[in-house]
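Protein sequence lines, in the order shown, are assigned to chains L and V. Residue numbers 1 to 103, in the working numbering, belong to the letters of the first sequence in order. Residue numbers 1 to 157, in the working numbering, belong to the letters of the second sequence in order.
Hints were generated in silico from the structure; no laboratory data involved. Since the structure is predicted, the reported quantities are computational estimates derived from the model, not experimental observations. Using N, Cα and C, we set each Cβ at its ideal position, and we do this for glycine too. Worth double-checking, as some hints may not be accurate.
Claimed, not checked - Pairwise CB distance ranges (calculated):
1) Ile99/V - Asp76/L: 25 to 31 Å
2) Asp10/V - Ala33/L: 45 to 51 Å
3) Asp76/L - Asp30/V: 28 to 34 Å
4) Glu38/L - Gly62/V: 32 to 38 Å
5) Asp30/V - Ser73/L: 56 to 62 Å
One letter stands for each residue in the lines below.
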Amino acid sequence: MSMTHDELRKHAEERTALNQQLKSLLVDNLELATPASEIGDDQPLFGRGLELDSLDTLEIVVMVEENFGVSISDDDSGVFGSVNKLADFIVEQAGGIPAVENA
Amino acid sequence: MPDLLSFDADRIRAMLPHRWPMLLLDRAFDVDPGRSGSGIKNVTVSEPFFAGHFPAQSVMPGVLLIESMAQLVAVIYGARHPQDGSSDAADRVGYLGAIRQMKFSRLVVPGDQLLLHARLGASIGALTEVSVRASVGSEVVARGSLVVSERPGADAA
Chain L
1 MSMTHDELRK
11 HAEERTALNQ
21 QLKSLLVDNL
31 ELATPASEIG
41 DDQPLFGRGL
51 ELDSLDTLEI
61 VVMVEENFGV
71 SISDDDSGVF
81 GSVNKLADFI
91 VEQAGGIPAV
101 ENA
Chain V
1 MPDLLSFDAD
11 RIRAMLPHRW
21 PMLLLDRAFD
31 VDPGRSGSGI
41 KNVTVSEPFF
51 AGHFPAQSVM
61 PGVLLIESMA
71 QLVAVIYGAR
81 HPQDGSSDAA
91 DRVGYLGAIR
101 QMKFSRLVVP
111 GDQLLLHARL
121 GASIGALTEV
131 SVRASVGSEV
141 VARGSLVVSE
151 RPGADAA
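So that you can see chain L by itself, here it is in the shape it has in the complex (with noise of 0.2 Å):
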């Protein structure tokens, strides 16, 4: 990689821009209790973390296609672990970090 310091900062930011906005759709969509600042980048979202069930994932399939246009499917269920695995497809399907809106 030969990423200069400021290119580096400028993807470092669009990465936590990226973290922040899907946290916001995650709260706005499956209206959750928690706040978006409190949900951690690898805080589990199902089981103990924030106690998703399974519609709740259909939610999150819906939220990233309307959202980004990328398409969740049965065998990526690793998506689900955390903000940063959804945010890491995202990213992966998208070629890049997909410009973020300020929330």
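Following the hints, put chain V in place on chain L, whose structure we already have.
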């Protein structure tokens, strides 16, 4: 274009486990199995629910509009398996998982012919999102989004 299928009331009765007074769908047409379809529900003054909803004003309950849409979705699902008429088809009918969003914009009264539309969307595991719409003539009466669940143990196609 894929081959679109039609189902009359007798074939629908053979596919769905529903019976009077809960079998609401009269006809299905333009059915693209597993993807989309249209249907008809004719509303008559002798519907049993009008006796109580309401005694002085006949209004079809909104939840039964949703049930009519869900039955169309069950036909769209069931049409993936050509051997309708067997009890297998009825065994595959799933359940309503969620009413994600629904807006009712006009009362449905005796004499109305409901034209129903459903299109299956995103899917994960046994769950599928479905966009649904009901109209009378040129007026939309209800529109929204449901989640249906495939019956546990049913073979996923």
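Taking the hints in turn, this is what the structure says about them:
{"no.": "1", "hint": "Ile99/V - Asp76/L: 25 to 31 Å", "result": "holds (26 Å)"}
{"no.": "2", "hint": "Asp10/V - Ala33/L: 45 to 51 Å", "result": "holds (49 Å)"}
{"no.": "3", "hint": "Asp76/L - Asp30/V: 28 to 34 Å", "result": "holds (32 Å)"}
{"no.": "4", "hint": "Glu38/L - Gly62/V: 32 to 38 Å", "result": "holds (37 Å)"}
{"no.": "5", "hint": "Asp30/V - Ser73/L: 56 to 62 Å", "result": "violated (27 Å)"}
Violation of the numbered hints given earlier is confined to hint 5; every other hint is satisfied by the structure.
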